[in-house]
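Could you put together the complete structure from these sequences and hints?
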Amino acid sequence: MTEFLPHAAPRPRCVLHVDMDAFYASVEQRDDPTLAGRPVLVGGRPPRGVVAAASYEARRFGVRSAMPMREALARCPDAVVVRPRMDHYQSVSRDVFAVFRRLTPDVEGLSLDEAFLELTALPELADDPRVTALGIKDAIRAATGLTASVGAGPNKLVAKIASDLEKPDGLVVLFGAAIETTLARLPVRAIGGIGPKTSARLEAAGIFTLGELAAAPAGAVEPIFGRYAARMQGRALGLDDRPVEPRREAVSLSAEETFATDLDDPKALARELRPLAEKVAARLRRKHYVAGMVAVKIRQADFRTVTRQRSLTPASAESVALFEAAWGLVQTWITEHPGAKLRLLGITAGRLTAASQLSLFEAGEQRLDRVSDAIRERFGAGALMHGSDLGPGLEEDG
Amino acid sequence: MKLVAQREALLDPLQAVVGVVERRQTMPILANILISARSDRVSFTATDLEVELVASTNMSVEQEGEITVPGRKLLDIVKALPEGVDVVFQLSGEKVTVRAGRSRFTLSTLPATEFPVVEDVHAQQTVTLPQGALKRLLEKTHFAMAQQDVRYYLNGLLLEIAGPSVRAVATDGHRLALCEAAVEGADASPQQVILPRKGVLELQRLISESGDVTLAIGTNHLRAELGDIRFTSKLIDGRFPDYERVIPAEAAEPVVADREDLRRSLYRTAILSNEKYRGIRLELKAGGLTMQAHNPEQEEAEEEVEVGYAGDEIEIGFNVNYLMDALSALESEQIHLMIRDPNSSCLIKDPETDECKYVVMPMRL
Numbered sequence: 001m002t003e004f005l006p007h008a009a010p011r012p013r014c015v016l017h018v019d020m021d022a023f024y025a026s027v028e029q030r031d032d033p034t035l036a037g038r039p040v041l042v043g044g045r046p047p048r049g050v051v052a053a054a055s056y057e058a059r060r061f062g063v064r065s066a067m068p069m070r071e072a073l074a075r076c077p078d079a080v081v082v083r084p085r086m087d088h089y090q091s092v093s094r095d096v097f098a099v100f101r102r103l104t105p106d107v108e109g110l111s112l113d114e115a116f117l118e119l120t121a122l123p124e125l126a127d128d129p130r131v132t133a134l135g136i137k138d139a140i141r142a143a144t145g146l147t148a149s150v151g152a153g154p155n156k157l158v159a160k161i162a163s164d165l166e167k168p169d170g171l172v173v174l175f176g177a178a179i180e181t182t183l184a185r186l187p188v189r190a191i192g193g194i195g196p197k198t199s200a201r202l203e204a205a206g207i208f209t210l211g212e213l214a215a216a217p218a219g220a221v222e223p224i225f226g227r228y229a230a231r232m233q234g235r236a237l238g239l240d241d242r243p244v245e246p247r248r249e250a251v252s253l254s255a256e257e258t259f260a261t262d263l264d265d266p267k268a269l270a271r272e273l274r275p276l277a278e279k280v281a282a283r284l285r286r287k288h289y290v291a292g293m294v295a296v297k298i299r300q301a302d303f304r305t306v307t308r309q310r311s312l313t314p315a316s317a318e319s320v321a322l323f324e325a326a327w328g329l330v331q332t333w334i335t336e337h338p339g340a341k342l343r344l345l346g347i348t349a350g351r352l353t354a355a356s357q358l359s360l361f362e363a364g365e366q367r368l369d370r371v372s373d374a375i376r377e378r379f380g381a382g383a384l385m386h387g388s389d390l391g392p393g394l395e396e397d398g
Numbered sequence: 001m002k003l004v005a006q007r008e009a010l011l012d013p014l015q016a017v018v019g020v021v022e023r024r025q026t027m028p029i030l031a032n033i034l035i036s037a038r039s040d041r042v043s044f045t046a047t048d049l050e051v052e053l054v055a056s057t058n059m060s061v062e063q064e065g066e067i068t069v070p071g072r073k074l075l076d077i078v079k080a081l082p083e084g085v086d087v088v089f090q091l092s093g094e095k096v097t098v099r100a101g102r103s104r105f106t107l108s109t110l111p112a113t114e115f116p117v118v119e120d121v122h123a124q125q126t127v128t129l130p131q132g133a134l135k136r137l138l139e140k141t142h143f144a145m146a147q148q149d150v151r152y153y154l155n156g157l158l159l160e161i162a163g164p165s166v167r168a169v170a171t172d173g174h175r176l177a178l179c180e181a182a183v184e185g186a187d188a189s190p191q192q193v194i195l196p197r198k199g200v201l202e203l204q205r206l207i208s209e210s211g212d213v214t215l216a217i218g219t220n221h222l223r224a225e226l227g228d229i230r231f232t233s234k235l236i237d238g239r240f241p242d243y244e245r246v247i248p249a250e251a252a253e254p255v256v257a258d259r260e261d262l263r264r265s266l267y268r269t270a271i272l273s274n275e276k277y278r279g280i281r282l283e284l285k286a287g288g289l290t291m292q293a294h295n296p297e298q299e300e301a302e303e304e305v306e307v308g309y310a311g312d313e314i315e316i317g318f319n320v321n322y323l324m325d326a327l328s329a330l331e332s333e334q335i336h337l338m339i340r341d342p343n344s345s346c347l348i349k350d351p352e353t354d355e356c357k358y359v360v361m362p363m364r365l
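Taken in sequence, the protein lines are chains U and F. Using the working numbering, you'd call the opening residue of the first sequence number 1 and step up by one each time. Using the working numbering, you'd call the opening residue of the second sequence number 1 and step up by one each time.
Any given hint could be a false lead.
Stated by the list, open to error - Counterexamples of contact, computed for chain F against chain U with all Cβ distances above 12 Å:
| # | residue |
| --- | --- |
| 1 | Val88 |
| 2 | Ala112 |
| 3 | Val150 |
| 4 | Ile161 |
| 5 | Ala286 |
| 6 | Gly311 |
Said to hold, decoys possible - Just some of the chain U residues that point at chain F, by a computed CB distance under 7 Å:
| # | residue |
| --- | --- |
| 7 | Phe208 |
| 8 | Ser252 |
| 9 | Gln309 |
| 10 | Thr313 |
| 11 | Pro314 |
| 12 | Ser356 |
| 13 | Leu358 |
| 14 | Leu360 |
Worth flagging that the hints you see were computed from the coordinates, not collected in a lab. Owing to the predicted nature of the structure, the values given are computational and were not obtained by experimental measurement. Think of the CB as a built atom: it goes at the ideal place given N, C-alpha and C, for glycine as much as any other residue.
Below, the structure is given as structure tokens:
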């Protein structure tokens, strides 16, 4: 027992959360100097479009992402609307993540513009998180010309809250006793897992802030959180032991489409859904995944949105299997809601696993998928379409 | 309707049929058992609309009639009564009373006329074979059936009657099991039917080692009379894949292995394979087989097995469960393992006979 000292005190954790400021909109402003300083909305055009990102100039008018573009423009009529360029954002994102990976391999990306970094094992970085965070911000600015907000804390929960406190271009380091006092003032929605519905129930119980949530008697929060009550009260105090998961595999893949006009004709809906299923299935195949679950997102003209899901046995990456499962869900919903007009359909493939087991019977569908993947890879996504999508006239000619 | 019977005389038929009483019924009457009493012969019928079981027994019938009562509740009551006690079962109005000693129970009923019964399977042919042979066919293949597969025709077992033999084939699309048995009466015309998974499992439970069983095969149903029990199952309406196409021809250079040695090595190696994918790597070279597994915790297992092999070196991956299932179903001391390349199926069989064949597709390493 002579060597117990080095192990006696485990090193305290240090986690950073880096969040790019209004990422898509900032990229557009950077690339087009005439947009600098002006309210910019990235997203589809009205009347159908939705805001994917809003510059800080636009946010001052109360515009938020996921807001219908029409409403956003009503609030901020001078805004410039820009179509999203996802491929471009992805390439900028790669530059940002390259900055992270120069420091540590323990990077958990949450989206193109957001990541956790675990620095615990790197004392030279963790001992002064402020200096490390400033270095990251500078490196991102040098690589991309964009600003990021960084939060540092002893876990993912605190780091994420900290990065949000001084946005944009923020830097907040939050450790020790400051955590509790800072969190206590924040609204309950500041922590993940509490959305509008739960926060409304908490407010009805007189709980508005995280301080009030932490101090609430168990009897008051158990009806709201059930068996997670103790965990959520711990979160309100800034307690969180979730690890940073660098190799976390994609949990799901999805695609969705807002229609040019609201649709209620099942044939037209199937026509919209099929390419989405094909797109998701092709992405699964490219990544050598199969999906054990298919979900659809159904948004009505009035923005009411539901999701429906079902399992897929065996797990599959076939376009037809995904489409049929998804279409079955949509059909059931349509039958339950006759005459409903839809503005958007989305499809998600979930419960992904590696497609390593080979099949005894390669169905014709699998061969077809392989050939169409190859054609689309070479000639582009529009090179092939389904016969039934060509319109009624052609369909009848067969 | 009124019957009197000893607890045990009631318990046996109830236990024989209750397995198909659904726990989560879509129709309330499927939670019930149909009891019909006619001149000292009483039958108990349970169904889930896929499999129907009828158990008949001699019993003192004081008043004829038929009625349906909640199956599991009746069984639980009879089971809990003291041994050897006389039970009186009587319909009065819309209730059934069950009396035994100083116990009295009143059960709800639903009319017998609403109970779905398969009267006639319209048999197109009948095949008779020893119960032991049928039991063997099912035991040696059933594990390869798919479960809740969207390819619904795989969620069952193919029974193929061809001339003097019956074949059972099951596959989940990753592996396949095939077994063959000779039958009496070689006049049977070739026919393929798919018995659903639930029917296979129930039938397996009912057949014994001795005596013959006659299978009556209709367009939509298969029926088997097994002593006092009549088994009827719906057939899956679908086309089974062309399984002969995926059974590889016997390779020139088989791996000759001691079945039990190989099975034990696989079993040990499997402990440290990935729990979800169950992948193991086999490295085959002249005279030896090395197997390896590792899991996400970076733990590793390695085993060497002495085998007879004179072919090229091959590295190939498999779901270890599929290999172990096949080796457990075989009975011979030695087995042949025929592997062509890492992307083609592997055939496992007894070198002495072609009665049972197992085909397993590899995994990408």
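Evaluation of the provided hints:
1. The claim that Val88(F) is not at the interface with chain U holds, since no C-beta of that chain comes within 12 Å of its own (minimum 48 Å).
2. Here Ala112(F) stays apart from chain U, with its beta-carbon at least about 35 Å from theirs, past the 12 Å limit.
3. For Val150(F), the shortest C-beta to C-beta distance to chain U comes to about 6 Å, within the 12 Å cut-off, and the non-interface label is violated.
4. Listed as outside the interface, Ile161(F) is consistent with that label: its C-beta sits roughly 23 Å from the nearest C-beta of chain U, beyond the 12 Å cut-off.
5. No Cβ of chain U approaches the Cβ of Ala286(F) within 12 Å, the least distance being about 26 Å, so the stated non-interface status holds.
6. For Gly311(F), the shortest C-beta to C-beta distance to chain U comes to about 21 Å, beyond the 12 Å cut-off, and the non-interface label holds.
7. Proximity of Phe208(U) to chain F is violated relative to the hint, the smallest CB-CB distance being about 42 Å (cut-off 7 Å).
8. The interface hint given for Ser252(U) is broken, as the beta carbon of that residue sits about 17 Å from the closest beta carbon of chain F, more than 7 Å.
9. Hint on Gln309(U) is violated. Least Cβ distance to chain F is approximately 15 Å, over the 7 Å limit.
10. Hint status for Thr313(U) relative to chain F: holds, with the closest Cβ pair at about 5 Å, below 7 Å.
11. With a least beta-carbon distance of about 6 Å to chain F, the hint placing Pro314(U) at the interface is held under the 7 Å criterion.
12. Contact between Ser356(U) and chain F, as hinted, is supported at the beta carbon level, the nearest pair being about 5 Å apart and thus within 7 Å.
13. Taking 7 Å as the C-beta cut-off, the interface hint given for Leu358(U) holds, the closest approach to chain F being about 4 Å.
14. With its C-beta approaching chain F no nearer than about 5 Å, Leu360(U) sits inside the 7 Å limit, and its interface hint holds.
The structure is inconsistent with the numbered hints 3, 7, 8, 9, although it conforms to all the rest.
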